[in-house]
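Participant: One-letter residues, chain by chain:
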Amino acid sequence: DGGITQSPKYLFRKEGQNVTLSCEQNLNHDAMYWYRQDPGQGLRLIYYSQIVNDFQKGDIAEGYSVSREKKESFPLTVTSAQKNPTAFYLCASSGLNNQPQHFGDGTRLSIL
Amino acid sequence: RKEVEQDPGPFNVPEGATVAFNCTYSNSASQSFFWYRQDCRKEPKLLMSVYSSGNEDGRFTAQLNRASQYISLLIRDSKLSDSATYLCVVNAGGYNKLIFGAGTRLAVHP
Chain A
1 DGGITQSPKY LFRKEGQNVT LSCEQNLNHD AMYWYRQDPG QGLRLIYYSQ IVNDFQKGDI
61 AEGYSVSREK KESFPLTVTS AQKNPTAFYL CASSGLNNQP QHFGDGTRLS IL
Chain B
1001 RKEVEQDPGP FNVPEGATVA FNCTYSNSAS QSFFWYRQDC RKEPKLLMSV YSSGNEDGRF
1061 TAQLNRASQY ISLLIRDSKL SDSATYLCVV NAGGYNKLIF GAGTRLAVHP
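As you go down the protein sequences, you meet chains A and B in turn. When the count follows our numbering, it moves up by one through the first sequence with no breaks and lands on 112 for the last residue. When the count follows our numbering, it moves up by one through the second sequence with no breaks and lands on 1110 for the last residue.
Be aware that a few hints might be false.
[Stated by the list, open to error] Below are the EDC-like pairs computed for lysine to aspartate or glutamate, each with C-alpha atoms no more than 20 angstroms apart in a straight line:
#1 K70/A to D59/A
#2 K9/A to D38/A
#3 K1002/B to D38/A
#4 K57/A to E1056/B
#5 K1045/B to E62/A
#6 K1042/B to D30/A
#7 K1042/B to E24/A
#8 K1097/B to E1015/B
#9 K1097/B to D54/A
#10 K1042/B to E62/A
#11 K1045/B to E1056/B
#12 K1079/B to D54/A
#13 K1045/B to E24/A
#14 K1097/B to E15/A
#15 K1002/B to D54/A
#16 K1045/B to D1057/B
#17 K1097/B to D59/A
#18 K1097/B to E72/A
#19 K1045/B to D38/A
Derived by calculation from the structure, the hints in this document are not laboratory data.
With these hints in hand, go ahead and build the complete structure from the sequences.
Facilitator: Printed below as a string of structure tokens:
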């Protein structure tokens, strides 16, 4: 089955801890994205990547880091500098030239 | 001004009703437009792309007015299963980046 896989589904972070959210796609898409969604709010872009080994900051990149070493994978690290990490994190991928994005089923992150 | 603005809702309608959602966008250079559906605590899913000539997919009709920078979604014969939040999505004017509206919540009741 082609798709986007995010893991874990639920994640708990202790204060001062970095955590990494996984996102893998087998759709052969060039572009990948990370969004954050808070309850009752819209999606906000954290980081995006249009090609391997390159990525750009979105609107709320502070406290987050990413890497794009392989086309299929775009992990997101929520660092201890992100003081309010509790949210629903969504990974998406798309072809280039403004194609629609397809989403994984998300990771819910909470603070212990 | 927000880049993509939508009716906040919620829209509460009976089964069988016709309901219309509106959306305006600020970037006149935007070229791609979509409607997504998001169920409670789930990921957004693509409902339909929006084309300049307008397009229809079963009970759903999307229209685009570039001059007014306005997009609409019409749902006919509403079903209980249409209850969800509908997101208006616009590309960021030539870049491979999409801007999501905050969404309009629809609740269809028996």
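Participant: Evaluate each hint against the coordinates.
Facilitator: Hint check results:
no.: 1; hint: K70/A to D59/A; verdict: violated, 24 angstroms
no.: 2; hint: K9/A to D38/A; verdict: holds, 16 angstroms
no.: 3; hint: K1002/B to D38/A; verdict: holds, 17 angstroms
no.: 4; hint: K57/A to E1056/B; verdict: violated, 36 angstroms
no.: 5; hint: K1045/B to E62/A; verdict: violated, 27 angstroms
no.: 6; hint: K1042/B to D30/A; verdict: violated, 24 angstroms
no.: 7; hint: K1042/B to E24/A; verdict: holds, 18 angstroms
no.: 8; hint: K1097/B to E1015/B; verdict: violated, 36 angstroms
no.: 9; hint: K1097/B to D54/A; verdict: holds, 15 angstroms
no.: 10; hint: K1042/B to E62/A; verdict: violated, 25 angstroms
no.: 11; hint: K1045/B to E1056/B; verdict: holds, 17 angstroms
no.: 12; hint: K1079/B to D54/A; verdict: violated, 44 angstroms
no.: 13; hint: K1045/B to E24/A; verdict: holds, 18 angstroms
no.: 14; hint: K1097/B to E15/A; verdict: violated, 32 angstroms
no.: 15; hint: K1002/B to D54/A; verdict: violated, 28 angstroms
no.: 16; hint: K1045/B to D1057/B; verdict: holds, 15 angstroms
no.: 17; hint: K1097/B to D59/A; verdict: holds, 11 angstroms
no.: 18; hint: K1097/B to E72/A; verdict: holds, 18 angstroms
no.: 19; hint: K1045/B to D38/A; verdict: holds, 18 angstroms
Hints 1, 4, 5, 6, 8, 10, 12, 14 and 15 from the list above are not met by this structure, while the remaining hints are.
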